[in-house]
Every structure is written in C-alpha cells, then in structure tokens.
Amino acid sequence: MAEMGNFGSKGISSSQWVKIRKISQLVFFIIFLVLFFWSRREFYLNPSVESGFKENLINIPLKLDPLVMIAQAIASRKILQGSLLAVFTLILTFFLGRVWCGWFCPMGTILEWLPLRSWKKNQPSVPEWLRGIKYVLLMTILFSALFTNLTLLFLDPLTIGYRTLTTAIWPGMDKIVTFLELQLINVPFLSGAVGGFDSLIRPAILPPHPAFFRYGLLYFGFFISLVVLNVLAPRFWCRYICPLGGLLGLLGKVSLVGCEISSGCSTCGICVPSCPTGAIKDQGQVYCDPGECTMCLVCAENCPGDAVKFPFKVSNFLRQPYDIDRRKVLLSMGATAVGVGLLETNFAGQLQPPAPIRPPGALNDKLLSTCIRCGQCSTVCPTNAIQMAVLDGGMEGFWTPVIVPRIGYCDYSCQACGQVCPVEAIPPLSLEEKRIQIIGKAHINRDRCLPWADNQECIVCEEMCPVPDKAIELELVEVPDGEGGIKTLQRPVVVRKLCIGCGICENKCPVSGEAAIQIWVPSHGNQKGNNQHGWQ
Amino acid sequence: MTDLSRKNFLHFLVASIGSLYLSGCLNQEKLLSRSLSPDKITPTPYLPGSKDTEEDHAAESEELPTQEPSATPNPEYPDLVVARKGDPEEMVNAAVSALGGMDRFVKPGDVVVVKPNICASYHSYEYAATTNPWVVGAVVKLAIEAGAKQVKVMDFPFGGTAEQAYRKSGIQAEVQKAGGKMVVMSNIKFIETAIPDGKDLKSARIYDDVLRADVLINVPIAKHHELARLTLAMKNLMGVIYNRPSMHANLGQRLADLSTRVRSHLVIVDAVRMLMAHGPTGGNLADVKKADTIIASPDIIAADSYGATLFGYEPEQLEYIKKGVQMGLGIKNLDKLHIEEINLG
Numbered sequence: 021m022a023e024m025g026n027f028g029s030k031g032i033s034s035s036q037w038v039k040i041r042k043i044s045q046l047v048f049f050i051i052f053l054v055l056f057f058w059s060r061r062e063f064y065l066n067p068s069v070e071s072g073f074k075e076n077l078i079n080i081p082l083k084l085d086p087l088v089m090i091a092q093a094i095a096s097r098k099i100l101q102g103s104l105l106a107v108f109t110l111i112l113t114f115f116l117g118r119v120w121c122g123w124f125c126p127m128g129t130i131l132e133w134l135p136l137r138s139w140k141k142n143q144p145s146v147p148e149w150l151r152g153i154k155y156v157l158l159m160t161i162l163f164s165a166l167f168t169n170l171t172l173l174f175l176d177p178l179t180i181g182y183r184t185l186t187t188a189i190w191p192g193m194d195k196i197v198t199f200l201e202l203q204l205i206n207v208p209f210l211s212g213a214v215g216g217f218d219s220l221i222r223p224a225i226l227p228p229h230p231a232f233f234r235y236g237l238l239y240f241g242f243f244i245s246l247v248v249l250n251v252l253a254p255r256f257w258c259r260y261i262c263p264l265g266g267l268l269g270l271l272g273k274v275s276l277v278g279c280e281i282s283s284g285c286s287t288c289g290i291c292v293p294s295c296p297t298g299a300i301k302d303q304g305q306v307y308c309d310p311g312e313c314t315m316c317l318v319c320a321e322n323c324p325g326d327a328v329k330f331p332f333k334v335s336n337f338l339r340q341p342y343d344i345d346r347r348k349v350l351l352s353m354g355a356t357a358v359g360v361g362l363l364e365t366n367f368a369g370q371l372q373p374p375a376p377i378r379p380p381g382a383l384n385d386k387l388l389s390t391c392i393r394c395g396q397c398s399t400v401c402p403t404n405a406i407q408m409a410v411l412d413g414g415m416e417g418f419w420t421p422v423i424v425p426r427i428g429y430c431d432y433s434c435q436a437c438g439q440v441c442p443v444e445a446i447p448p449l450s451l452e453e454k455r456i457q458i459i460g461k462a463h464i465n466r467d468r469c470l471p472w473a474d475n476q477e478c479i480v481c482e483e484m485c486p487v488p489d490k491a492i493e494l495e496l497v498e499v500p501d502g503e504g505g506i507k508t509l510q511r512p513v514v515v516r517k518l519c520i521g522c523g524i525c526e527n528k529c530p531v532s533g534e535a536a537i538q539i540w541v542p543s544h545g546n547q548k549g550n551n552q553h554g555w556q
Numbered sequence: 447m448t449d450l451s452r453k454n455f456l457h458f459l460v461a462s463i464g465s466l467y468l469s470g471c472l473n474q475e476k477l478l479s480r481s482l483s484p485d486k487i488t489p490t491p492y493l494p495g496s497k498d499t500e501e502d503h504a505a506e507s508e509e510l511p512t513q514e515p516s517a518t519p520n521p522e523y524p525d526l527v528v529a530r531k532g533d534p535e536e537m538v539n540a541a542v543s544a545l546g547g548m549d550r551f552v553k554p555g556d557v558v559v560v561k562p563n564i565c566a567s568y569h570s571y572e573y574a575a576t577t578n579p580w581v582v583g584a585v586v587k588l589a590i591e592a593g594a595k596q597v598k599v600m601d602f603p604f605g606g607t608a609e610q611a612y613r614k615s616g617i618q619a620e621v622q623k624a625g626g627k628m629v630v631m632s633n634i635k636f637i638e639t640a641i642p643d644g645k646d647l648k649s650a651r652i653y654d655d656v657l658r659a660d661v662l663i664n665v666p667i668a669k670h671h672e673l674a675r676l677t678l679a680m681k682n683l684m685g686v687i688y689n690r691p692s693m694h695a696n697l698g699q700r701l702a703d704l705s706t707r708v709r710s711h712l713v714i715v716d717a718v719r720m721l722m723a724h725g726p727t728g729g730n731l732a733d734v735k736k737a738d739t740i741i742a743s744p745d746i747i748a749a750d751s752y753g754a755t756l757f758g759y760e761p762e763q764l765e766y767i768k769k770g771v772q773m774g775l776g777i778k779n780l781d782k783l784h785i786e787e788i789n790l791g
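Chain order of the listed sequences is A and B.
For what it's worth, this note's numbering labels the leading residue of the first sequence as 21, then goes sequentially.
For what it's worth, this note's numbering labels the leading residue of the second sequence as 447, then goes sequentially.
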C-alpha cells in the first residue's frame, strides 16, 4: 500500500481505494459472522471432538487482537502460542497505522455503517480531551493486567461483538424465526416446507433448542448505546473510548505510512469535517494526527486538489512528539491499583457469597486472571449451560463463564468449552478427564422435592444422572397413600462422593421455578488459593 | 399521520420490528406452545386388543374408536416371536419372517417411522443404554425391502445433542447403510395433540412425523429403570413427546394413555444386551448382560410382558403393563398367546 501516496499515477484512484477498503470491511465482517455461526454449529454437531483445527480457525479474530493478547499475557504470566498472531497486527499497524480500525474491525465497520447522520439536529461539539479516555482505558487495562485482573477486557471491541451476537442478536433471531415458523406451520400446504426450512437452518445457523442468555437485553442495550453515541460524533466509540484503538493509536503515531497534507493544500478545509474520526485539524495549517487516523482515505477522496498523500517515509517514525505525560501514567497506575483492590471488596456484604459454578476444569483464581471475557464458551455450549457472570463471582468476575444448571446442564459427553477457549482459561481436557471433573455438588431441597415434600412419585434426577453408578440413590419408604392405605415410595438421596455436579438433575427437575435439587459449590472449594480438583 | 412519507413509514416499520424483536426476547418458551390444532391429524390406526379376555377392560374397550387395524390378528401367524442366539440381524430377520414378514406391516409406498431408544449421547452400544445398531439397521432394511417410500429413524435424547447421540450409538451408520434416514427431531414439530382415550394424560405435544407415519415400528432396548422398573416398548414412546418430566407422576397410567394415541404397529424388543442396573443411562459394563434375544410382536403389551420375564419380573409387576391391559391395549398373559421360539444358535 506504499503506492497509496501516488493516487492517480498508478491507476488506482483514491475513490477506488475507498471502495477496496469498504469491500475489505464487508469481507472481514462476514468472516467474523461466519466464524461465529460456524463455531456454534460445529460444536453442536460434535461437542466432543479434539481436532485442534476448527478451534484454531474460530479463534483467529481474537488472536489477532493485540489488546486482548497482551493483557492476557501480562495477567496470566504466560505467552500463548497463537497469540503471536497479534504481533502481526502490531507490525501491520507499525507500517500502515490504524488500518485495523478502518479496514478490519467488525465493531468499527458496524459503527461506520450506522452513522445516524440524519438524527443529528445541531452538531454538538465533543471536547477534544475526551480522546484521552481511550488511552486511560488502555493503561488501566494493562496495569490491572499487571495485578492479574482482566475485568475491563469486556470493553474490547471484539468481545463486545461476540457478547452482543451471542446473548442478544442470535437468540433474538431465533425467537423471530421460531415465531414465524410456528405461524406458517399452521398453514397446511406450507407445513412441509416449514419443517424442511427448519431442519436446514438448525443447527446450521440457529439453535435447535431455544437459546436463552441472562441479561441479553442489558448487553444489547450496551451495544445500542455505543451505536447511538454516533449521534454526538461519527464513530464516537472509535474516537474516544475504544482501548484497542488507543493501543493501535499509540503505535500508529509512529507508523511508516501516514496521512500527509502536502504543500499543494489550498486550506479549503473540506477534509476536516469529512474525516470520520476527526483526525484532521485546521489550526492555521491543516494537519492529520496519525494516532487518530484509521487510514480510511475519505479525505483523499474528497480533496479537490489531490493534496492528501499517504507517503512511505522512515522519517514518519520521528515526526510526532510522543506526548505521554509521565505524571498521568503514574497517576493512572496508582488509580488502577486502588481500583483492582476495590474490585476485590465484597459490595454485597455477604460473609460467604455463593461461589459461582465454573466450567469443568476451570479454577476460579486462574480463570479470573486468564479469561479474556470473549464468551466463546457460552456461544458454543450446546446446552446453553454456560452463562456469563454479572455479579455472580464478585465484580472482578464480570463476564466470566458460570454454569447455571437450571438453564442448561453440563453435558456428560461434551468438551466444547475447553476446546474453544482461546486462552486455556477453561483447560482443554480429554473427555475422560472432563467426565471426572467435579464442578459442584447436588443438594436436595426436601421441602420442595415431590417425593420428600408431597409423597409423590418422581425419580427424574436419578434417571437423568449420567454417572455410571448413579450419584443419586433411591431409598424406599412406606408412606400414606392419601386414601387410608400405605404405599411404597422412592425418595432420592445424593451420593456425595459420586456426584460431579453436572447439573442435569437440577435442569430437568419437574418442580416449577427453583429446582428441588440444586448444585452448589462447597464452601472450601472455590475460594482463592484452593484447588478445585482437590475436592472429595 | 397525514404526512406519512415513505421514509417515516420505513422508520415506523423498523421501530415496530424492533419492538417485536424485544418482546420476542422477553417471551421465552411461550412461543413454542402454539401449534397445529390436534384435529388436523388422524389418529394412528389401532391394533387389536380384542382377543384379550382378562381384567376389567371390556367396558372401556367399547369406548375406543373402532378403526381398521393395520395388522389384524391372523391365526396363521404367531402373536409373538422370540429369536435367540444369532447375530442381531439374523434374529430380526427370523423373527419378522415368522410373524409373516415385513409385508404384513409395511405396504408399498408407506412412510415408516422407526423409533429406537437413543436416550443419551454418553456411551456406545456396548453399554446397552441405546438400541443395538444392527437391530435398527435390519429393521430399516426389511422395511425398505417391503416397499416403504421412506424410512425415518428418530429419537429425542434427553442428554447431549441428538446428532452426537445418533453417531455415538452407532445407529446412524447402520441406518444410512440400510438406506434409511436419521431425522433430528425439531422443536416446532411437536404438536399439541389430544389423547381422547387417555385417562390421566389428556393431551401431549407429540412429534408430527410420528403422528403422520403410515407405520410405526417401535424398537426399544430392554433395560433397567428405577421408577418403571424396566424400559421397554411402551416406555420407549416417551421419546416422541416433548414434556417428558411431567410424565413421571402416575407414569404407568400416562404411558398407557400415550399408547392409545401413538400406536406401535410392530414392536421389536432388542435384548441382545440388557442393562440390568443403573438405567436408563448406564455406563458400566458390569451392569450389561448379553442375552442375544429379539422379541417381535404387533402387540405392545405382549412384547413388553415377554421382555419383563427376561428380567425375572411378572408382567403385572410393571405398572404400565397393568394399566395398558386395563386400557385394552393388548394381552399380558403369555399362556394365552401363540408364541413361536426360534433358536438360531
């Protein structure tokens, strides 16, 4: 792309370059979506395959994300093999500036597609200093990673993309399609076609069983509010908030190719408002801040005098004053240390808050310092068991995976979460290992259980229990049958040493509302410093 | 709204779809309860229970709608055939041909549904939690040879995904080899269906393909179950309804009720391997007993009754057999049946 500096002379005009860029955005957006849907489909069809290939493919977008990979490496003190892909993004940025933001990032693409220009009544001016937010966020993320905290990675644009797709867009699509299908299947001559259509799209695109994610509306609202911020300024998120943009912007300041307004400039000022990130400023002389430029080339397309160039110059490396204020850096580091400390405090004020049920093999401590909050495990979990924490594991654990058995059980023949996890926060266990992972223990609530409370027949929990020797036993008792006689009744009792806590009993318990059998993490099991594998 | 421009209209449309979307997000399972009205589907034809002279079912059986049975009791053929000590496919072939051949049940052009027991995706067939794949394959092959237009094989596993369960059980491979089709059951096709003859279960969401099939061949595996004592053919039909946990209260009666609506035209009980304990999921080879037996009968009660004796139970010890007899579904008294035993060993 070094030729970009010579628009026209090499046959590709600046408007053609803009077109190429738009195609690139579309292609990468589609790749992102396809990988998302494909990951769910593949793991649904075969949740217990250890191929290595498909999960590597699925995780490429995240591994290209330098913010996620650097923060993860710092927090977990371990460099993952695949994370070297992020170096590629960094090198690209060093050569070409923030092309990630302008050419590839799916979040940036969405925000560019939804400029909400027509909503703007009178242009409010956003203060320039807000641009500092993204650098502060970046530093906060990196410093808190130093203190093994990764909570703020939920602000990474890719994790926002996965989160919104998984918890809101995808289940929402499912609801709408299911609704239409159920309407159309009533039409006699269409019912065959609807059935065929249904087996075509499930599990290929939509979930075969209704997907449910807690707080989906909340995450959807978060995403929508980022879009609505576009009213204040185009690509508001990318300009002011995105910490990944901050990281790439710091590197982009010294990139070898950059926007340069040449001496041919008539200072007409057309480029200044045309720049979607407001990188071009007119302060007597028109210049472009390479830290804000996403290499979208709109300025070059609009310049009447062909004065905007993108030359390749090693001297670009030196052209910008590197204006990171030492005092600010130290200040944000101190603030971060305090913040991480505050996250550890327990705002709910419970002495022993219930420990969250983690996916098989995940250790609470290690999970918190390794999990990049991408939610892939939740996406691929075929039973919908893996939900994302809000305050379940304390504030620190926001958007880390937890198992909610009443929504979905941990399938005895599935190892999808461990396979898909890009950072091994959920370890990739073999099926044999996974089957003996204890993620919690079942407890029967005898005040709600049908045979215990109401002398009614029910053995669903025992029937469902996947453990070969059944972690639920049935004891025989003689009880009044309600008609003056005596009947023999089976009452479930948990065999604690056999229970692995998979939660299928809680999931299938026919009592309405809260189940009569529930999975709890034993009090000593999931606290800091304790090894989950050591339970008895 | 007099100045409704196209743009405004489009905005309005987008906003409406958006609200629909949001309300959809709030309405979880509710949407699924809407479905075909039950009267659009004709009941599966009944099988004869008329020969049964036991118990007090006479009064009730008069209330049953009289319909042309798909396989009338035929004195030429035995009521029940037991084949032993062959390989699974041989035993199925011998048993079905002793019953008069598959032609007696499947007419050319019929759509056949074969319902094996594929309860979970946990284990392969050696663990006897799922029907023997070669038994299912042989049934599919016979149905196709009898001229069936299509043979669909399906179950609705409670543990794991259907796709994985089909593969893990080995049934998918054998069915496809035999020319049948594995069907993954889809949520939208469970149709709320009235069960007019049900005493306790008055309606259930039953799978559309099963209701519409010309012939239903029920191919359970004989295995242990704590509440029902044994899972056999009648219990196997739980796989065609949507809300299974609700069946467990008064299981025996509800299974009998279900069988009045979903009739098995032919029952083939796979007792090649029997799961003697820790059913229905199994997982321990020590609980598996190799019995090399196939039971075939058009009478679901007779087949289940014979199956019960393999475990040392009297048929009336199984609640659903007792209730089924009361409902006039078949004969449990094995002495009154014409049973043909074939030993291939």
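What the hints contain is simulated information worked out from the structure, not anything from laboratory work.
For clarity, every value in this text was computed on a predicted model and none was experimentally measured.
There's no promise every hint is true.
Pairs of lysine-lysine, DSS-like flavour, derived with a Cα cap of 25 Å [as the list claims (entries may be wrong)]:
| id | chain 1 | residue 1 | chain 2 | residue 2 |
| --- | --- | --- | --- | --- |
| 1 | B | K595 | B | K627 |
| 2 | B | K453 | A | K507 |
| 3 | A | K507 | B | K735 |
| 4 | B | K645 | B | K627 |
| 5 | B | K553 | B | K595 |
| 6 | A | K507 | A | K461 |
Comparing the hints with the structure gives:
As the CA atoms of K595/B and K627/B are separated by approximately 11 Å, the hinted pair is consistent with the 25 Å bound. For the hint pairing K453/B with K507/A, the CA-to-CA distance comes to about 71 Å; that exceeds 25 Å, so the pair is violated. For the suggested pair K507/A and K735/B, the alpha carbons sit about 31 Å apart, so the restraint of at most 25 Å is broken. For the given pair, K645/B sits about 35 Å from K627/B by alpha-carbon distance, which is inconsistent with the 25 Å threshold.
Restraint check for K553/B and K595/B: the C-alpha separation of about 9 Å stays at or below 25 Å, so the hint holds. Pair hint K507/A plus K461/A does not hold up; C-alpha atoms about 31 Å apart against a cutoff of 25 Å.
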